[in-house]
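Residue strings, one per chain:
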Amino acid sequence: MNLGRRLWAHRLGRIGVFLLGISVLVATFAPVLAPFDPSENVRPTIDDIYAGPSAEHPLGTDDAGYDVLSLLIYGSRVSLLVGFSGAIIALFIGGLIGLVAGFRGGKLGNGLMRFTDFFLVIPDLALQIVIVAIIGQSLQNIIIVIGALGWTTTARLVRAQTLSVRERKFVMRARAVGASDSYILRRHVFPQVLPLMLANTVLTVSLAILSESTLAFIGLGDPTVTSWGQMLNYAFNRGAVSAGAWWALITPGLAIVWVVLGVTLVGNALEDIVNPRQGRHHMEPEPVPPVVPLVGEAPRAALAIRNLTVDFVGPDGTRSRAVDGVIFEVDKGEALGLVGESGSGKTTAMLAALRLLPPGGEVVGGAVYLHGENVFALDDDELRATRWTRMALVFQGAMNALNPVRSVEDQIVEAIQTHFPEMAAAKARGRAGELLQLVGIDGDRGSEYPHQFSGGMRQRAMIALALACDPEVIVADEPTTALDVMIQAQVMELLDRLRRQLGMGMVLITHDLALVAETCERVVVMYGGIVAEQGAVNEVFTTPRHPYTRLLLEAFPDLDDPTRPLVSIPGTPPRPDQLPPGCRFAPRCPQAFDRCHVEKPPSYPIADRWEAACFLLEDRVEARG
Amino acid sequence: MADPVLELDAVSVSFPRPRSLVDFFARRPNNDVRAVDQVSLELRPGEVLAVVGESGCGKTTTANLIMGLLAPSAGRVLVHGENLAELSAGQLRRSRRKMQMVFQDPYESLNPRMTVGQIVAEPLQVHKAATGVELVSRIATALDRAGLRPPERYLGVRPNELSGGQRQRVVIASALALEPEVLVADEPVSMLDVSIRADILNLLASLARQQGIAVVMITHDMSTVAAYSDRIAVMYLGRIVETGPTLSVLTTPSHPYTRALLSVVPVPHPSQRKPRIILSGETPDPGRIPPGCRFNPRCPVVFDRCHIDDPRLMPVGEGHAAACWLVGG
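Residue numbers (my numbering), protein chains in the order written: chain A, 1 to 625; chain B, 1 to 329.
Accuracy of the hints is not assured; some may be wrong.
So, partial list: chain A residues that the calculated Cβ filter (under 7 Å) puts toward chain B [claimed, not checked]:
id: 1; residue: P191
id: 2; residue: P315
id: 3; residue: A482
id: 4; residue: L513
id: 5; residue: L559
id: 6; residue: L566
id: 7; residue: D577
id: 8; residue: L579
No more than 27 Å apart at the CA atoms, straight line, and that leaves these computed lysine-lysine pairs for DSSO-like [what the hints assert, rightly or not]:
id: 9; chain 1: B; residue 1: K274; chain 2: A; residue 2: K169
id: 10; chain 1: A; residue 1: K107; chain 2: A; residue 2: K169
id: 11; chain 1: B; residue 1: K128; chain 2: B; residue 2: K98
id: 12; chain 1: B; residue 1: K128; chain 2: A; residue 2: K169
Restraint ranges, calculated between C-beta atoms of paired labels, are given here [what the hints assert, rightly or not]:
id: 13; chain 1: B; residue 1: S40; chain 2: A; residue 2: M172; range: 23 to 33 Å
id: 14; chain 1: A; residue 1: P223; chain 2: B; residue 2: K128; range: 53 to 63 Å
id: 15; chain 1: B; residue 1: P112; chain 2: A; residue 2: L12; range: 58 to 68 Å
id: 16; chain 1: A; residue 1: R595; chain 2: B; residue 2: E318; range: 51 to 61 Å
id: 17; chain 1: A; residue 1: R114; chain 2: B; residue 2: M314; range: 38 to 48 Å
id: 18; chain 1: A; residue 1: S342; chain 2: B; residue 2: A85; range: 16 to 26 Å
id: 19; chain 1: A; residue 1: V32; chain 2: B; residue 2: K128; range: 52 to 62 Å
id: 20; chain 1: A; residue 1: D117; chain 2: B; residue 2: A85; range: 16 to 26 Å
id: 21; chain 1: B; residue 1: K128; chain 2: A; residue 2: T224; range: 48 to 58 Å
id: 22; chain 1: B; residue 1: Y107; chain 2: A; residue 2: T224; range: 56 to 66 Å
id: 23; chain 1: A; residue 1: P590; chain 2: B; residue 2: G212; range: 32 to 42 Å
id: 24; chain 1: B; residue 1: K128; chain 2: A; residue 2: G106; range: 28 to 38 Å
id: 25; chain 1: A; residue 1: A426; chain 2: B; residue 2: S280; range: 40 to 50 Å
id: 26; chain 1: B; residue 1: E318; chain 2: A; residue 2: R500; range: 38 to 48 Å
The hints are simulated quantities; they were obtained by calculation from the structure and are not laboratory data. All residues carry an ideal CB built from backbone N, CA and C; glycine is no exception.
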């Protein structure tokens, strides 16, 4: 377990470990460190009471003439003992209730959670005071009360985590193997929940220490032991304020802050480590892409992507190139298939074109032109106006892209009114009705919510939403991946009809070569962030020139030739952070030669608007400058 | 021909439909949801059967029946001729070991905290099938059979260090550890990259052909399984509407639903755009199965009788049958 090392690497965690470590050392070696033993009776003279700091008593004495430093040192034992014992009790109760409630669910789980909620709303301190007052002020009772009341947050946290682990596929697989519940809990659920449980327990420690101090301060501490809360209690009640003995008042307070701060920092650091949140990225605005001046004539295509290059910057600052010098164009009314496997950069390229890159994504070069206008040169207002009115997106998971709490029609009306605020509500509503009609959804179903729609209807609604502002280009990202073949056929036919009817350019992002063959005029094959080959579908699919295109077609099933066994391409697609130095496909290419491993092939034109990036084509044609 | 490893004999599975207060007051009949309706299947050693259909057609319920994870509400499930319902608990557990499952998503179905060795060992430990030296050798054999060679290299590796294809091999190795006779693969390649799918399909087919395991591939994608299955069963609304040898079903589809399904599968040849039969609407609710032939509301060639009589599977060729009044007459 490298948890310790990661804790040390965490900046605040290291401070916490330092603070807590010193407290633990002090508590352990208290008899050695303390100049006096507080259990020994002293016979104070009047001068020993609230005596100021001196060589003999570096932190002075208290109201009974005891050495404050020694009391502080011994007090750390009580605080840590109460803190950790209380937290362990809380961990045990909360962990058990959380695990059972999360894993079993049903009536038992609900009952347990209502029980937890009940405890959560009771003010802890008030109940602690009552219970301690009744059962007596011994240290043991105080620990039990603190533990027995401090488990609620642990229970809720553990339950939530258990619930999510229980639904994971590997738990289902273990079930299918025939594993018992106790085996699954022990082997699969518990190890996943444990780190979070521990992090939470550390935070409970600080709460327990504070609770003990509070109880002792109001006089409900164990009178037989010296704790920091007790020291404060005595100091306040026995005239430290009027005697001006600040040392008796401030030092226990500082000690409490020291330990609680240490424990909290360690706990927070552990939580950060076991449950990392990408808080940092969300705070930063998306970097503004560089504006590359236009050379020559502005492109006339509906959408022109020129040398687009996108990096992803990891949390540790490492860069990986997701899209590398991609060039292609989509004409008005043309359908282009953007084909590639996972990590090929196909989606990233289009998100960059819309300036919708996820956190960490950064455009580092190139330009995107919508009818000759550089998208990267737009300011925020212009960009907002451009999105959806000129280029709209049909997302992959329609359920996630639609707002679940608003009716489908309302969402379309909202999209229209955002871009055409002057349009009257009634007119916008009428237009939304037309759009729904256009995609084959009955007008009276527009008032329904996305969850009332089937998968195919949601995707239709998503298309209607994308069409709301008459975009010039529509980008469809795997629009049918989650759908059945028949629904896929319906949705693709709809997209095809609308594209022709409305004269839109369309970019279809997909891994499905056959879908491109059936619906697109042109195809761009991407691999490892570059364009391997692009051209007319008719040409590229019949006589592919790049080895990757050819092998991909051989790996793809074909019902016209159902008995042909499929052939895999050896190896796997490259990860953006581990791109090969030469041709991206060289490590998997059966035709690769020495040069392919060291040099990146340029794109060689084969015919009008048909090109491929492979050295094998060099003899036949000159590379594009 | 070898005796079947597993048979489903007119098996049905119904789930009670949750009733709302509105249903109660409107006195709507309390229809059960028929997820699987009188399905009969035979699985022989070394055979690859593809169960094809859209979501909600009952293919996943069928997989759970084969796995013994679900008990039929009617009909019999027979393993080597023995009715599962009549077995003792111990015999049932032993018979469960003969059926193993390969899941769809190799990224999610492996516990990220376990090593490959631990993952493959898990079924053996759960069933207390092997310990010590035997455990180690059986893990190695399973990895080897799943094409992870040499096995030693993978034992200590965690899933996140493997590619999608390798992970799916680990899932398969874990399923092979108990030396099953039946392997049920639920969409085994749909989450994998196109360029490596063939590897996994070839592996499953070779497990059947060379090692005599009966393989059931559950899928919605006919084109993927075409080259790898011996037989196809097309399901619609809980019923098998057509079944037969793969080539025969693909070249002479006899049920209008199969014909429609085949016509809409895209093919990667731009020049050969064929006429497509796009059925309108979606699969109806399995709680409200239409009377007569269940396909009649969407059927392009429907006629009077289809609204009244429910067609049974009728032979159309050697081992090929379809449930349509137009074939049997």
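Structure-based check of all given hints:
1. Of the supplied interface hints, the one on P191/A holds, with its beta-carbon coming within about 6 Å of a beta-carbon of chain B, less than 7 Å.
2. Look at P315/A: its Cβ only gets to about 17 Å from chain B, farther than 7 Å, so that hint breaks.
3. Restraint check, A482/A versus chain B: the minimum CB separation of about 9 Å is more than 7 Å; hint violated.
4. Of the supplied interface hints, the one on L513/A holds, with its beta-carbon coming within about 5 Å of a beta-carbon of chain B, less than 7 Å.
5. For the restraint placing L559/A at the interface with chain B, the shortest Cβ-Cβ distance is roughly 5 Å, inside the 7 Å limit, so the hint holds.
6. Because the beta carbon of L566/A sits about 4 Å from the nearest beta carbon in chain B, less than 7 Å, this interface hint is met.
7. Hint status for D577/A: violated, given a least beta-carbon distance of 14 Å to chain B, over 7 Å.
8. Below 7 Å, beta-carbon pairs count as interface contacts, and L579/A has none with chain B, the closest being about 16 Å; its hint is therefore violated.
9. Pair hint K274/B plus K169/A does not hold up; C-alpha atoms about 39 Å apart against a cutoff of 27 Å.
10. Only pairs whose Cα atoms come within 27 Å are accepted, and K107/A paired with K169/A is accepted, the gap being roughly 24 Å.
11. For the given pair, K128/B sits about 14 Å from K98/B by alpha-carbon distance, which is consistent with the 27 Å threshold.
12. For the proposed pair K128/B and K169/A, the alpha carbon gap of about 23 Å is at most 27 Å, so the pair holds.
13. The hinted range of 23 to 33 Å is satisfied by S40/B and M172/A, whose Cβ atoms lie roughly 28 Å apart.
14. With their beta carbons about 57 Å apart, P223/A and K128/B fall inside the hinted range of 53 to 63 Å.
15. Judged by the Cβ atoms, the range 58 to 68 Å given for P112/B and L12/A is violated: they are separated by roughly 27 Å.
16. About 55 Å separates the C-beta atoms of R595/A and E318/B, a value consistent with the hinted range of 51 to 61 Å.
17. Distance hint for R114/A and M314/B: a CB-CB separation of about 58 Å, inconsistent with the stated range 38 to 48 Å.
18. Take S342/A and A85/B: their Cβ atoms lie about 44 Å apart, and the range 16 to 26 Å is violated.
19. At about 54 Å, the CB distance of V32/A to K128/B agrees with the hint of 52 to 62 Å.
20. Between D117/A and A85/B the CB atoms are about 44 Å apart, so this pair departs from the stated range of 16 to 26 Å.
21. Here the CB-CB span from K128/B to T224/A is close to 54 Å, well matched to the stated 48 to 58 Å.
22. Remark: the range hint 56 to 66 Å for Y107/B to T224/A is upheld by a beta-carbon distance near 59 Å.
23. Checked against the hint of 32 to 42 Å, the pair P590/A and G212/B passes, with Cβ atoms roughly 33 Å apart.
24. In this structure, K128/B and G106/A meet the distance hint of 28 to 38 Å, their C-beta atoms being roughly 29 Å apart.
25. The hinted range of 40 to 50 Å is not satisfied by A426/A and S280/B, whose Cβ atoms lie roughly 31 Å apart.
26. In this structure the hint that E318/B and R500/A lie 38 to 48 Å apart at CB holds, the actual value being about 45 Å.
Going through the hint list in order, the structure does not satisfy hints 2, 3, 7, 8, 9, 15, 17, 18, 20 and 25.
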